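Asker: Chains A and S, in that order, are what the protein sequence lines are. Okay, so the first sequence: first residue is 385 according to the numbering used here, each after it adds one. Okay, so the second sequence: first residue is 4 according to the numbering used here, each after it adds one.
A couple of the hints might just be wrong.
[Said to hold, decoys possible] DEER-style ranges, computed between Cβ atoms: (1) Asp20(S) to Glu773(A): 15 to 25 Å; (2) Asp798(A) to Arg86(S): 38 to 48 Å; (3) Gln54(S) to Asp799(A): 29 to 39 Å.
Simulated from the structure, these hints should not be mistaken for laboratory data. As the structure is a computational prediction, the values presented were derived from the model and not from experiment. We treat Cβ as the ideally placed atom computed from N, Cα and C, and that holds for glycine.
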Amino acid sequence: MNLKISALEYVQEIQNGNISAEDYVAKTLERIQIIDDKLHAFLSVNEKAVEQAQQIDKKIKSGDEVGACFGMPISIKDNLCIKGSKTTCASKMLEDFVAPYDATVITKLKQQDAIFMGKVNMDEFAMGLTTEFSAFGPSSNPWNTDYVPGGSSGGSAVSVSAFECVASLGSDTGGSVRNPASFCSVVGYKPTYGLVSRYGLISYSNSIEQIGPLTRTVKDTAFMLNLISGFDSNDNTTINNQDQDYLSGIDSGIEGKKIGIIKEMLGDGTSAEVLSATKEAISRMESLGAICEEVSLDMVKYSVAAYYTITATEAGSNLARYDNLRYGYDFSVEGYEFNSYITKARQKFGPEVSRRIIIGGFVPSSGQAGKYFLKALKVKSKLTREISETFKKFDLLIAPTVPVLPFKKGEKIDDPVALFQVDINTVTANLTGRPSISVPFAMSNGLPIGMQLIADSNQDKLLLQAAHALEQTVTLPEIPI
Amino acid sequence: MVTSEEIERVSKLMKIDIHDHREYVDKVHAMIDFFDVLDSAGVDSEEISMQEISISNLRKDEHVPFDENLIKNLNHYKGTYVRAPKMSS
């Protein structure tokens, strides 16, 4: 049984009768049991997965209508609600929280007969970019287990990369899908803001976060996007994409497309290996007929500070609900005064979440808002204007997904500002609502480098076509695990 | 420049106990100091653009009954209310 096949190959193999969903899911479960001790991608595993696969095989055999996933094993980031399953957000605060309803993306995938292999690790409440802030311990990069897998959707990227599932769903607030995708050599997608419903995603920073797929190929991402996108009455920020088919015409190529190389995303902080890979990617895009030119987005320099100011503010508000009265855990009220009870209950937040809540109280507060929060909103507005102007001249933008190679566990965890800088190339797409993708592009010293493409809002189809074209120029080694 | 006292005050308001004082104050300090770069962005005259969201597509405002078992599982559920800690007098 080959667990290394893509999602589309899986569908093909099932349709041809070469494999059964039961066998494939059972083998996947076996692999999780064998290698996940080393990787710690999963926080919980669906014990009923094989049983569910048997049901799908029955439907196939009896000629009933079967959903597009045909029992495909998918992992789900642990901030997405699956009814009846634990949804911990990798936090002690929600350690025993069982979701009472399905997120819209989960409903959609269930309707398409996907099988959820389990919930995967992340930085607590999606705040981080290494999974080291998970309250249940970090995940490891399958390419070298001493290294971080990126984050916050680290478990998603690890599980796809190490063949513990065929595809995964993560969430991307400032690069949390694309960063781990880059570090683990898988495809990671941040859709146009509003393309995918956030209903059932535990909120961190509503105004910029999006759910996105992590897959082995760009075509698989298009396949997943077809299943999860579209208007949802439970999320009034969603847009009607008129059931666009992102997979059709994905081979269209990029001949004649104008691609802007973002100057500020190739600055001093970019490592020599990443810089060299980026030059190679540009050269390959040109050989495919694209016209590449340098472009400047002045506000990128301030984007990380604006991003953290805005997200901390929204997090401070969103996480107020964890007061053990609305959300929380079993903890007796006896003997406590109201405020001290809530403060005591909130000690279950980990240190990074606590720090961001404090910042989220400080930066929008009276007397400080003008210096921090309002200025951050102004940077966001100006950056959005700059990128809108840029897309009048260019079809796409290119930059490395992350300016540095994956780093060792523990290397940056005590330096919050050093961690901030790792986000410099990814936050722009979130702040401006643009779609963005990370494509596995190169390896350096056994560690992956991903290349990022950004398109204008609602140009997701064009973005996937370009990413597919770039992907076709790349041959990467097999994962050593 | 933010002061340690300001951080402690905000922590209290946000109901975050900074028992491990340095772990919080030093790092929050570093993070907020980093935000000072916003002063150089030259955006004082910039208008804040707001994203308009249509309210014509809102779901129907109607009561949807939920699984009763959720309430029964609560430890502090008394009759028709959830028991909270007493307010200070």
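Asker: Are the hints correct? Go through all of them and say.
Answerer: Verification of the hints:
no., hint, in the structure
1, Asp20(S) to Glu773(A): 15 to 25 Å, "violated, 47 Å"
2, Asp798(A) to Arg86(S): 38 to 48 Å, "holds, 41 Å"
3, Gln54(S) to Asp799(A): 29 to 39 Å, "holds, 34 Å"
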